[in-house]
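Protein chains in written order, with this note's numbering: chain A, 1 to 283; chain B, 1001 to 1355; chain C, 2001 to 2256.
Keep in mind that a hint or two might mislead.
Derived lysine-lysine pairs resembling DSBU-like cross-links, with alpha carbons at most 30 Å apart [what the hints assert, rightly or not]: (1) A/Lys96 / B/Lys1351; (2) A/Lys276 / B/Lys1346; (3) C/Lys2114 / A/Lys2; (4) A/Lys2 / C/Lys2074; (5) B/Lys1346 / C/Lys2149; (6) A/Lys96 / B/Lys1238; (7) A/Lys2 / B/Lys1107; (8) B/Lys1238 / C/Lys2074; (9) C/Lys2170 / A/Lys2; (10) B/Lys1238 / B/Lys1107; (11) C/Lys2149 / B/Lys1238; (12) B/Lys1173 / C/Lys2241; (13) A/Lys276 / B/Lys1173.
Derived DEER-like restraints, expressed as beta-carbon distance ranges [to be verified]: (14) A/Leu19 / B/Ser1344: 33 to 39 Å; (15) C/Glu2060 / B/Pro1161: 51 to 57 Å; (16) B/Ala1242 / C/Asn2117: 45 to 51 Å; (17) B/Cys1088 / A/Gln134: 28 to 34 Å; (18) A/Arg95 / B/Leu1260: 27 to 33 Å.
Because the hints were derived from the structure by calculation, they are not lab data. Positions of the beta carbon are idealized from the N, C-alpha and C atoms, including for glycine.
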Amino acid sequence: MKDRIFRATLFLAAGLIVLLTAGIVYGLVSQSMDALTHFGPLHFITSPAWDSRSDDYGALSFIAGTLLTAVLALAFCIPFSFSASLFNGEYFRGRKIATVVGSIVDLLAGVPSIVFGLWGFYTLRPLLAGAGGQGFGILLASIVLAIMIIPYASSLSAEFIAMTPSELKEGAYSLGATRMEVVRYVSLPVAGSGILASYMLAFGRALGETMAVTMLIGNTNNLPHGLTDTGNTMASIIANQFGEAGGLKLSSLMAIGLLLFLLTATINFLSKYILKCVTLSKS
Amino acid sequence: MRHTLEVLNQDTSQPCDRSQRYNPTDRKVTTQQIVMLRPGRSQRYDPTGRNATTQQVVTLRPGKPQRYDSSRNSRRIKDRLFFYLVCCCTFLTLIPLFLILWELIQKGYRQFNLGLFTQVAPTSMEAMLARISGDALPGGILNGITGTLLILFVAILAAIPLGIWVGIYLAEKGERPLARLVRNLADLLQGIPSIVTGIIVYIWVVRPMGGYSALAGSVALAVMMLPMVIRSTEESLKMLPASLKEAGLSLGGSYASVMLRVLLPSAFSGLFTGSLIAISRVMGETAPLLVTALGAAAINWDLSRPTSSVSLLIWEFYNDPNLAPLVWSSSLLLLLIILCINLSAKSIATKWKTQ
Amino acid sequence: MEDTVKYILELKNVSVSYSPGKQAVDNVSAGIQPHTVTAIMGPSGCGKSTLLRAVNRLHELYRDIRTTGEILLKGESVFRMNPMQVRRLAGMVFQRPNPFPTMSVYGNVLAGYKLNNISLSQAEKDGIVERSLRSVNLWDEVKDSLNKKGTFLSGGQQQRLCIARTLALKPELLLMDEPTSALDPISTARIEELILELKKQVTILIVTHNMSQAARISDQSMFMYLGELVEFGPTKQMFTKPRDKRTEDYLTGAFG
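The task is simple: from the sequences and hints, build the whole structure.
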């Protein structure tokens, strides 16, 4: 009897998660309906307009800003996170220094977004401002984003690199390969999909980052034309304008939230799917 | 295969040390052997080596490991350079954390005093007067600290028990359709950007309650913590040997008591670390609180009213030039607490693992 | 009725399948008399452990495993009893020693009572712990470290602790699933001595892949092959005059 109740509560808890997710999706969809029907979904996505006076809203500028910053951030982060994962997963695997380095990199993930924003604003921005302008913009935001996502990309890929069977590596060494060649021709092909998946997870993070980007991107509602141009991402426009929004504008912000949700969900599912394939074939 | 050929070409172009008892033609074969893990086939690497042609293996000659060629070999130099590059870039990734800490300490230590913990945030006017007279700013972030405690406490109360329960369900019913669905949904929840969580809570809690509130903030943070707690519970339960559960049951224990008295306590270290990490991750969250808890000037313990938090105060200070000096001390405090939680979680995990 | 009470455990046409159509245990029938040691032998994968785990209904933890036939414990069908009661009557010792990692030695012995929500007075607890640990010859070794975690003991001690934990509930039947396969020879010898002593209290059903162990400790033996119970009889007779060709081959080392 007691067991029945116990199992029932477990089942209920699991059901609650389903309900919660359904509520999230339903909430987002129902609230963004106004904007989507008023402008038409396709037009909403492809329109760069964002004008409160004429009540004309479109998401293109923000989609562009989001993708641009996230892709740049990923590009900036790759050399560093990849090095860190090789350092921890291959060169110093299992040694004390690898644990120390790994812990410090992981701590970076704990730094709140707003602190990154502050640091970017007061320390990095003046460095970029020399080139003219105040330093705000896509470039500044993506540099800080790159630092923020390094731990997400590196710790998971280090695990995959470390999982390369040592017989394979030893085989390669005994045939005269240098360590770099072993990394390139043995470790990387074996760990490749896992590394890809971890970078996609990091990319998903970069898409949704809010505070740091809001503080650094310059907050202008235009299509960004260059690296030093200011702009807005989907997350930052919501954070910026949600407080004073109402009516059609609020609904448009919700629609942007829905789009952002769909975008990150897709990226996450793709990477989880790759991860699942990798771990299945490993075991 | 193209990569293989590249290596080949590089090799044959290099002077080859005869004393090493190998020749480039052999290497060709051997490299192909290694590169049975061709790019693109990486997922399905096959340990039986069925893709390797065995005839080629036969032609292999035993040679000394070539790992540290004594010859002046550009491959070796390249290898060294690559290694230094990796070390260098790794070193660079470590720098930002210390730069951030240094900046916060340098600019924040002056305001990092007792007042920070005992007084509420000053108004812009008070701060301006102090600045004009060159004093340290009066006031602290007490209202933020109490707010963070209140919001976080309620969030923990909601998210951790529920997360553990769902985690148990997943660990036990792993392959059922509902369990698979729930696992995927937990992944989905984990990926939701924090601001999106914020606006959803705005729709479901702030609007029906008729205003911003600490409770709404707690709900937002709880939603963010849930997936992390669920996954860490599931993972740590799955790490236990199956015989532990069987032993408990074969002593005649009921399913519930074996779970609660044997399995959960055995998985406690993993659970505890997971929860600590989850807490530290949401502690510094600002975006979802902006649209749910909003912020308040005074200390508030009422769940149904707007409440401030440390992170919200940082945002406020950042936006008000008069209050800017306080940004550093409060950020320093927040960062130190979060880093401490992270570090202790890590040391707990390693300590309990070795036991 | 006379017939069934004679046996403490009776298996009637027991079959276990992991997936439909694949029998891991095929139509096994046997009767076990009280206060005997019965060894179940056979090459790995022949269904020894599967049969053992059918007795205390552990298979019910997993989906897709089906048990058919009848298992009578003291004349009563285990499938009609409460599984918890079955498992209390038929205690189980596992291949690897598995004391509960969060509990002390003391707590481990009493784990069965705790898990069954049976409250005891302090005196009763102390009595049970001492009696159980004495009956597995562990008391003198651990009486000064009862509050240490059970996982700090050596492998052999851990296994005896696990036996004590099972005996604390006063089972009628002790199911042992290769209890010495993870232990060194000295610990193994001690467990074997213990089994012979415990015979006075309980009936023991032990799975082993070690033939000489079966010869040393058991009164009767079962030889299983590919899920089938090939031969069941007094150990001495089986080792000297096996009736079946397959038993003979196994005992002479022709396979396994």
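Hints versus structure:
1. A/Lys96 / B/Lys1351: holds (15 Å)
2. A/Lys276 / B/Lys1346: Cα-Cα ~26 Å, so holds.
3. C/Lys2114 / A/Lys2: Given that 30 Å is the threshold and the Cα spacing comes to 15 Å, the pair holds.
4. A/Lys2 / C/Lys2074: holds (27 Å)
5. B/Lys1346 / C/Lys2149: The given pair, whose Cα atoms are some 23 Å apart, holds under the 30 Å limit.
6. A/Lys96 / B/Lys1238: holds (28 Å)
7. A/Lys2 / B/Lys1107: The given pair, whose Cα atoms are some 58 Å apart, is violated under the 30 Å limit.
8. B/Lys1238 / C/Lys2074: Not satisfied, since the Cα-Cα distance of roughly 36 Å exceeds 30 Å.
9. C/Lys2170 / A/Lys2: Given that 30 Å is the threshold and the Cα spacing comes to 24 Å, the pair holds.
10. B/Lys1238 / B/Lys1107: Violated - the C-alpha atoms of lysine 1107 of chain B and lysine 1238 of chain B are around 46 Å apart, more than 30 Å.
11. C/Lys2149 / B/Lys1238: holds (22 Å)
12. B/Lys1173 / C/Lys2241: violated (49 Å)
13. A/Lys276 / B/Lys1173: Judged against 30 Å, a Cα distance of about 18 Å means the pair holds.
14. A/Leu19 / B/Ser1344: 33 to 39 Å: holds (34 Å)
15. C/Glu2060 / B/Pro1161: 51 to 57 Å: violated (28 Å)
16. B/Ala1242 / C/Asn2117: 45 to 51 Å: violated (24 Å)
17. B/Cys1088 / A/Gln134: 28 to 34 Å: holds (32 Å)
18. A/Arg95 / B/Leu1260: 27 to 33 Å: violated (40 Å)
When the structure is compared with the earlier hints, violations turn up for hints 7, 8, 10, 12, 15, 16, 18 and for no others.
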